[in-house]
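Reminder that position 202 of the sequence shown reads as 202 in my numbering, one-by-one numbering, no gaps.
Each hint should be verified, as a subset may be incorrect.
Claimed, not checked - Here are the simulated EDC-like cross-link-like pairs (lysine to aspartate or glutamate), alpha carbons at most 20 Å apart as the crow flies:
1) LYS119 x ASP79
2) LYS186 x GLU69
3) LYS186 x GLU203
Stated by the list, open to error - What follows is a list of derived Cβ distance ranges for each label pair:
4) SER225 x GLU154: 20 to 28 Å
5) PRO227 x ASN196: 22 to 30 Å
6) ARG27 x VAL176: 43 to 51 Å
Please keep in mind that the hints were generated in silico from the structure rather than gathered at the bench.
The beta-carbon is built from N, C-alpha and C at its ideal position, and this holds for glycine as well.
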Amino acid sequence: MVWASIFTTLPAIGAAAGASLYYRRSRDLRRRLDDANRALEQLQRTFNRFAPARVVDDILERRTLDIAETREVTILFADLRGFTALGEQLDAPDLVALLNRYFQGMDRSVDAHSGFISKFIGDGLLVLFGALHDNPWQATDAVKAALDMQERVETLDVEGDVDLSLSVGIHRGPVVAGTVGSFEVKEFTVVGRHVNLASRVEELTRTHEANILITGAVQEDLDPSIPVTEQPPVPVKGVEAPITTYAVPGDGSVA
Numbered sequence: 001m002v003w004a005s006i007f008t009t010l011p012a013i014g015a016a017a018g019a020s021l022y023y024r025r026s027r028d029l030r031r032r033l034d035d036a037n038r039a040l041e042q043l044q045r046t047f048n049r050f051a052p053a054r055v056v057d058d059i060l061e062r063r064t065l066d067i068a069e070t071r072e073v074t075i076l077f078a079d080l081r082g083f084t085a086l087g088e089q090l091d092a093p094d095l096v097a098l099l100n101r102y103f104q105g106m107d108r109s110v111d112a113h114s115g116f117i118s119k120f121i122g123d124g125l126l127v128l129f130g131a132l133h134d135n136p137w138q139a140t141d142a143v144k145a146a147l148d149m150q151e152r153v154e155t156l157d158v159e160g161d162v163d164l165s166l167s168v169g170i171h172r173g174p175v176v177a178g179t180v181g182s183f184e185v186k187e188f189t190v191v192g193r194h195v196n197l198a199s200r201v202e203e204l205t206r207t208h209e210a211n212i213l214i215t216g217a218v219q220e221d222l223d224p225s226i227p228v229t230e231q232p233p234v235p236v237k238g239v240e241a242p243i244t245t246y247a248v249p250g251d252g253s254v255a
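Produce the complete structure using the sequences and hints provided.
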């Protein structure tokens with residue numbers, strides 16, 4: 001009877017030990033997975049501080065840092081007028097604080113209209129629409145973002161007697177979009193002649209005394225409810241024929 005009892009009990013003990021071991025291993029695995037998820041979330045939050053969230057999400061979705069494709073993209077260049085003069089009046093901490101408020105506001109305006117800031121250029125910006133995914137409304141999104149950006153600049157709390165304003169040039173065309181840079185540092189950006197033309201259009205805002213200028217490539221796909229005023233054609237460096245641009249009233253009245 002004793003031996004029978006032992007032989008009957010041993011399988012039960014073995015099963016209990018196996019179940020306990022399985023539970024401990026499962027618990028350890030869950031803890032490791034939780035730790036890994038927290039580390040990944042922290043890494044993504046850190047990455048988001050140095051790259052646009054839309055780019056980070058796209059890279060994670062594609063599972064590669066090497067992105068290169070030709071896309072139809074709307075390119076927006078913006079420059080903060082009056083900032084250089086203001087820099088001569090403010091000390092360094094106040095100037096940096098103002099820049100941070102400005103960039104934060106610009107980022108919110110751009111993100112609200114399906115774009116992202118590709119690059120900060122001094123006090124200027126390179127903004128892209130349709131660079132990551134197809135966007136049939138990218139021309140209208142870019143103009144609405146420009147109007148919103150302009151309105152935010154007008155409401156900036158600025159010390160000193162300098163008036164700040166935003167000049168914006170917008171153009172659309174096929175570009176090479178992708179991640180470029182060294183092994184240590186990469187950025188998502190666009191290259192091509194249409195990028196250069198968008199920059200030239202921003203410079204033309206001074207010639208035409210306008211805050212927002214767009215090219216015909218943007219105007220032809222623009223929501224017709226947004227008013228524009230055709231400007232006389234002018235020669236542009238790097239372009240054979242003079243180009244015609246269109247001024248967008250910067251009253252912020254477009255929803």
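Evaluated hints:
Distance restraint check for LYS119 and ASP79: the Cα-Cα separation of roughly 12 Å lies within the 20 Å cut-off, and the hinted pair is therefore satisfied. Taken as a hint, the LYS186 and GLU69 pair is honoured in the structure, with Cα atoms around 16 Å apart against an allowance of 20 Å. Between LYS186 and GLU203 the CA atoms are separated by roughly 28 Å; this puts the pair beyond 20 Å, and the hint is violated. About 22 Å separates the C-beta atoms of SER225 and GLU154, a value consistent with the hinted range of 20 to 28 Å.
A hinted range of 22 to 30 Å holds for the C-beta pair PRO227 and ASN196, which are about 28 Å apart. One distance hint, 43 to 51 Å for the beta-carbon pair ARG27 and VAL176, holds here, with the actual separation near 50 Å.
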